[in-house]
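Participant: Here the protein sequences line up with chains A and B, keeping their order. First residue of the first sequence? That's 1 in my numbering, and the numbers climb one at a time after it. First residue of the second sequence? That's 1 in my numbering, and the numbers climb one at a time after it.
The reader is advised that the hints may include incorrect statements.
Covered stretches of chain A (chain B as the covering partner; in silico rule of three or more C-beta atoms under 8 Å from a C-beta of chain B) [as the list claims (entries may be wrong)]:
{"no.": "1", "segment": "8-21"}
{"no.": "2", "segment": "84-96"}
Keeping only pairs whose Cα atoms sit at most 20 Å apart, straight-line, the calculated EDC-like set for lysine to aspartate or glutamate is [claimed, not checked]:
{"no.": "3", "chain 1": "A", "residue 1": "248", "chain 2": "B", "residue 2": "94"}
{"no.": "4", "chain 1": "B", "residue 1": "148", "chain 2": "B", "residue 2": "101"}
{"no.": "5", "chain 1": "B", "residue 1": "264", "chain 2": "B", "residue 2": "284"}
{"no.": "6", "chain 1": "B", "residue 1": "145", "chain 2": "A", "residue 2": "78"}
{"no.": "7", "chain 1": "B", "residue 1": "242", "chain 2": "B", "residue 2": "291"}
Don't read these hints as lab results, they were simulated from the structure. Every residue gets a Cβ at the ideal spot worked out from N, C-alpha and C, and that includes glycine.
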Amino acid sequence: MRHFFTILSHEIRMLLVNPGTYIAGVFFLAVMGSIFVDLVTAYSAAPQEISPATVFFRLFWVPVLFMVPLLTMKSISEERRHGTLETLLTSPVSTAEVVLGKYGAAYFLYILLWGSTAVFFYILQKYAGDLRFFDRGPLIGGYLFIAVSGLFFVGIGIFASSLSRNQAVSGFLCFTLLALILGLNFVSDTDLLSSETLSPFKSVVQRAQIFQHLDDFSRGIIDTRQLLFYASGATLTLILSILGLEAKILHS
Amino acid sequence: MPDDSTQTVPTSPAIEVQNLVKSYAGFLAVNNVSFTVRRGEILGFLGPNGAGKSTTMRILTGYLPATSGAARVCDIPVATHPEEVKRLIGYMPENNPLPEDMRVSEYLHYRGRLKELRRRKLTSRIAEVMELCDLGRERHRIIGKLSKGFRQRVGIAEAILSEPPVIIMDEPTIGLDPHQIQLVRDLIASLRGRMSVIISSHILPEIEVTCDRVLIINQGRVVTMGTPAELRRDIIGHSVYKLEISGDLDLLSSALTAVEPTLKISETNAPDADGFRALYLTTDRDDPIGEQLMRSLGADARFRLRGLVREHPTLEDVFLVATRRSRDIIDTPKAPKGRNSKSQTPNSK
């Protein structure tokens, strides 16, 4: 893995010099900022039972559905479309190093964008001037959830990018896969899975309650099963990306 | 690191390929290809589109695995040690794909790091290859905004950056103007003796000028291999003379047979206003018979001789004949195996 850091630093650099990254960043902060403003307005109008941080993070699916495809759709598709993947893989670099380097860079930017929303809470704290109004627990839990779940979501994006030469197809595929995984939350409540034959699938769906995971994280419950869910999901998507890429090279 | 391996096994061939086969879902892209490239030699890879040149090159770089057969680079098997082989090869793929949004110096620096060049050496080596490829003034330009010629130079600079013992370039001069072709040609020639080079090209005169040996491949099979002179002799197999003469052609045949029994008229053109016509004569004799012809026909009162020249077949002629012949053999229905193998016999030379 000696080339992992070379590829990672190169990819981060390329993301940071790409104007598209800043456009995506501004878009992300504008959406999250407006959500935050609405939240603060609602809280200033009437007292609420739950912490503003919990409500803020419950809307994580909005940026996940749009930002993850935007951040990852270019990574491998672009290399395959331009043919630069061939140049890359004919230097002493393995497919795993390439995939992990690109994954690391996309994850770094994902965390960087989410990290920038911490400024909202900092400003609120600065103006509120009273630490009693500010509950740090759900905030730390929320960011921890973002960091842990991001491993899996970005992995899905990289996997989708490895499947097609076309960025748009990769982006749409990533959006669909993310929507399916987030949608599992609502499937478990339906009568669809109540039959005996679908019980193994139902147990899988019950483990993939991402919104429930967020609530647990916000309440300070760090369940290793949930950590394992995201870690194994990320590992699986990365292994599939590496294998998929190598299979495509074999038939190129 | 590549230098070390070159020093430890200096006598082994740079590239050794034996019975290489690559099939895609039943289609044989490379069919039993065998050849060797000596150290410091420049080998030209010729073949029509879809002949299997790029596939063979990709297998040599360790990018694609072969279905069967063996390929060794500096005595290291490609199939089992692709990572080591990649350290020994500088490769420029077909169409020279480059990242559009990087600067030339940034790109070379990144590639140098991936090729495991030490930071201290990297800066001086980048300056060296830029000088060699005349890229000094373009070093800070974005690759996507470079002209085709400069992009090709960036690709070549990248291939030779780590000073590997083997360079493989797939169509390095495609789309270049004559000045740029000359520059690339000189650049490749300057590598002779230091690095082994395989280049594929459609520009046959260029291969003829640049390469020590030529390998012609068609429909996945090696058709022939040798120096351009050897190929001319083996593939064309006869000498061609062009005559400008006036007189009765029926009488000419017997006059020619008197000079050399194997002389035949292969092509006749219409006479010009002065009654002279251009004729092409072929003979199996390889040694020059022009002087005898000139004396004999000049002394013969029945004919008026205006010109006589020995035609030298170009590599293009050799290529056309060789690929046509191999296609005939491959396309012949139910051809016996012996005939197929005949197309590869020159390979054993």
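Participant: Please verify whether residue 242/B and residue 291/B have alpha carbons no more than 20 Å apart.
Facilitator: Holds, because 13 Å separates the two Cα atoms, which is no more than 20 Å.
Participant: Just to make sure I understand the rule, a stretch counts as covered if three or more of its residues have a C-beta closer than 8 Å to a C-beta of the chain. Does the segment 8-21 of chain A meet that for chain B?
Facilitator: With 4 residues close enough to chain B, the hint holds.
Participant: Compare the distance between the alpha carbons of residue 248/A and residue 94/B with 20 Å, and conclude whether the hinted pair is satisfied.
Facilitator: 18 Å, holds
Participant: How does the segment 84-96 of chain A fare against chain B when you require at least three residues with a CB closer than 8 Å, holds or violated?
Facilitator: holds (count 10)
Participant: Verify the proposed pairing of residue 148/B with residue 101/B, using a straight-line Cα cut of 20 Å.
Facilitator: With a Cα-Cα distance of about 15 Å, the restraint between residue 148/B and residue 101/B holds, given a limit of 20 Å.
Participant: Checking one constraint from the list: CA of residue 145/B to CA of residue 78/A, max 20 Å. Satisfied?
Facilitator: The hint holds at about 18 Å.
Participant: Residue 264/B and residue 284/B were given as a pair; does the straight-line alpha-carbon distance stay at or below 20 Å?
Facilitator: 10 Å, holds
Figure legend: structure checked against the earlier numbered hints; every hint is met.
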